[in-house]
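Enquirer: Assemble the complex: chain A is given as a structure, and chains B and C must be docked to it using the hints.
Protein chains in written order, with the numbering used here: chain A, 1 to 371; chain B, 1 to 176; chain C, 1 to 357.
Hint data in this document are derived by calculation from the structure and do not stem from the laboratory.
Quick reminder that beta carbons are idealized off the backbone N, C-alpha and C, glycines included.
Accuracy of the hints is not assured; some may be wrong.
To spell it out: a stretch of chain B is covered by chain A in this simulated footprint if at least three of its residues, at any positions, have a beta carbon under 8 angstroms from a beta carbon of chain A; those stretches are [to be verified]:
#	region
1	20 to 28
2	52 to 64
3	91 to 104
4	117 to 123
5	150 to 159
Where chain C lies over chain A, by a calculated footprint (3+ residues, C-beta under 8 angstroms) [said to hold, decoys possible]:
#	region
6	119 to 130
7	348 to 355
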Amino acid sequence: MALKTEEMVLNMGPQHPSTHGVLRLELQIDGEIIIDVVPHIGYLHRCFEKHAEAMTYPQVIPYTDRMDYLASMYNEFGYALAMERLMKIEVPERVEYIRVIMGELQRIASHLVALGTYGADIGAFTPFLFCFRDRERILHLFEITCGARLLYNYIWIGGLSHDLHPDFIRLTKEFIKDFRPNVKELNELLSYNRIFIERTANVGLLPLETAINYGVTGPNLRASGMKWDLRKDDPYSVYHKFDYDIPIGKGEKGKTGDCWDRYYVRVLEMEESLKIIEQAIEQIPDGDVTSAIPKRVKPPEGQIYTRVENPRGELGYFIISDGSINPARVKVRAPSFVTMQVFPELCKGFMIADVVAILGSVDIVLGEIDR
Amino acid sequence: MKTAEEIFNQLKEKFENSVVELKSDKPVESFIIVNPLEVDKICLFLRDEKDLQFDSLMNLSGVDDANGTKEKDEKGLETIKGGTLSVYYHIESTKLRHKLTLKTSTDREKPEVVTVTETWKGADWHEREAYDMYGIVFLNHPDLRRILMPYDWEFGYPLRKDYKNPEFYQGMKVPY
Amino acid sequence: MMYDWLYSLTGSEILAMFIVSLLPLFVFILPFALFAVLMERKVSAHMQDRLGPMRTGYHGILQTIADIFKLLQKEDLVPTATDKMLFNLAPLLAFIGSYAAFAVIPFSGFFIGTKIDLGIIFIVGVTGLVVAGILMAGWASNNKYSLLGAMRAAAQIISYEIPTLLIILTIIMLTGTLSLYDLSEMQTAYFWNWLILGGPAVGLQKILLIPFMILGCLIIYTSTLAEVNRTPFDIPEAESELVSGYHTEYSGMKFAMFFLAEYANMFAVSAVVAVLFFGGYQSPFGYLGNLLGWKWLIPIEQFSWFTSKGLFFVFVQMWLRWTLPRFRVDQLMAFCWKYLIPFSFVILLLVGLISLM
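The shape of chain A in the complex, shown without the other chains (with noise of 0.2 angstroms):
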């Protein structure tokens, strides 16, 4: 007499230590394998495109910021490439080069917390307040900048809100000599420890050619075996000034695209960020940064998308403008949007505590899903 298994339904919902954010998981599962998977976001809706259309341009940045909340540069300067772009404004190279060492820096302590809390939802508890040690620096370093830790209003359309402070370069160069260091010690802790080996790999794979047609970018994309760096391919700002590697996954410890190809994959970009801030520092021109600033934005009637490299993936803007001072449509393509949508396939066959695994890895943050 065969044994009658039904299927459950368990809902992660949106209340949950280690579902980034407010995120509800439909889990169909059989047991503790997962059969179905269903997202549903909205919970963080706050509508930003409804208030990027009542705002004049200028007044749209400190809405950007709270989308990645993480990444706020990056947000910040995409709108900011996006809006020079289509006014055909020429920014001062100091401007270019101050832009890039804080996009930099503010990836670097994007995947810090991205491995942080990925390795405190796989039980290691450590890793955790090493990460956060070091991201402490960093926002110091924001903090005596622009005067925010978290959601700065820094980079403006044409320019930017502040020089840099006197001590930045010489706390920059501390903080990069103290860092290089603790990405070897968290590696030893945690990436080469055989347990986390164990929970991480083979498990979520994403084949190269189901990320391409999702549209998957970023470090979700370079884990699954693809040399694609928009800093690279589709070249921005200054980078094309510096010299340094774009790491891809290689099945090190399983399959190409698995969950440690993704993890380790972070933590190759940070070593990559430290060598572009250091380029930067070096070769930093003086200069002012606020002279190319507009008094009044009113580009001319158009549109634009641009896409940068947020540290999650390809940050589109897409503005489209009526010749007036606010934006008649401004439409951001999230990185981690499209990344939920692909999150599905990656969880069918494994089971429940691989889930949290996989959603980790993927390192979403809701702010940007739902805008």
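Expert: Leaving out everything else, chains B and C in the frame of chain A:
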């Protein structure tokens, strides 16, 4: 690498009526206007053709053109009658490194566009969002329902220019 | 022995028995549980490059007392849709299962709760009550997450009792006694006689036993770590998956009971490992009391040695918790059934052969 003009000519040869025109007068990008009911065939062609190979959909967004007539309805609130809603597609090829923008326009009263989810699976949630925010119905979509608003929101489509917030939703006062 | 000494002091059997049975609980276990909570927080804090509780008392010493006061005055929430009797009974069972094990552990040459012959088998039997308590807690909470947590806990504890028992069998076979008191007495006079280094055997037998004893000690330490649900085996309480597992719905004093029962359990298994392999309360070098001729000093010294060995193993358990990530359920089971149990069998066989020499 192909420019927008070359692709436009190639598309015009294959699908004469569905491809309407190439607009490149305004800054910054130029776009090709296509027929909303033939979009899926055009996109499939764009993806599979050897020298085009547009294998990645970067963005799909709905836009309210607000080009109808503004009139006041019975309660004195402004609505827009007539005019169009548009959908913009930004696609690119990761192998051949070129990009393209497509645009389709449908009537505001009964907006219908064919879905492109068979070509790029990533269009699924983007189209759900366009439906949620603008009310554009995508024909043949596997699962068209609201995504960001609550599933039982019956008070219209938020990003339209003439949208007004309702007074009460399930007993809770909406504007405060 | 303590019982005889008290009897000669007071002249009444009942009073002597009363004091002897209450002593481990109030003088040792409860203060130890208070201390262990604080130790965990301070140890974890220093390992994570931060300070831990600093404000209550000097460097946070009074933190646990503050916690107890807080838990005492919390509202005792009982969800309406639960099975009330089971819900209230479950923490009691877990508590009882952990604390009853201390009745047969020898704290020093002078004091042992009760000198029954069963010794170690009594401990294994009584800690089985904890499984019943956990299952009751999971079921009575009427909550899918708690039920999942409780099932996993039950499967884990029952599976890991097998390697524990097999290693205990090995020791019993080697030494021929079940009573923990006799085991400790056997490992007397210098650490060379401790069972981890071969025990009171002599010659070639002793040298051959050493690698198996070390391996056996590692196996029993790992499987008892799984029995007390500590990381890396803390699936039942996995915070990031199941929001606290089987004790999600408990609050106030009942939660405190689960909590304290876990720390008492930790000490109980550390004490068992110390007694089985590391000489129990015996000192590795000889006694100061013997040196100075003060015979009354010896039990005090033995007690302090026992406590330090127990505390050391508890410290290692906490160290492991804050370093290693967590196993997944199927990997945990595979580890037990495919690796620990075959190794334990092999050790049993080989030690048996060696002891025949």
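Enquirer: Indicate, hint by hint, whether the structure satisfies it.
Expert: Each hint tested on the structure:
1. 20 to 28: It holds, with 3 qualifying residues against the three required.
2. 52 to 64: holds (count 8)
3. 91 to 104: Holds: 3 residues of the region 91 to 104 of chain B have a Cβ under 8 angstroms from chain A.
4. 117 to 123: holds (count 3)
5. 150 to 159: holds (count 3)
6. 119 to 130: holds (count 10)
7. 348 to 355: holds (count 4)
Against the hints set out earlier in the document, no violation occurs for any number.
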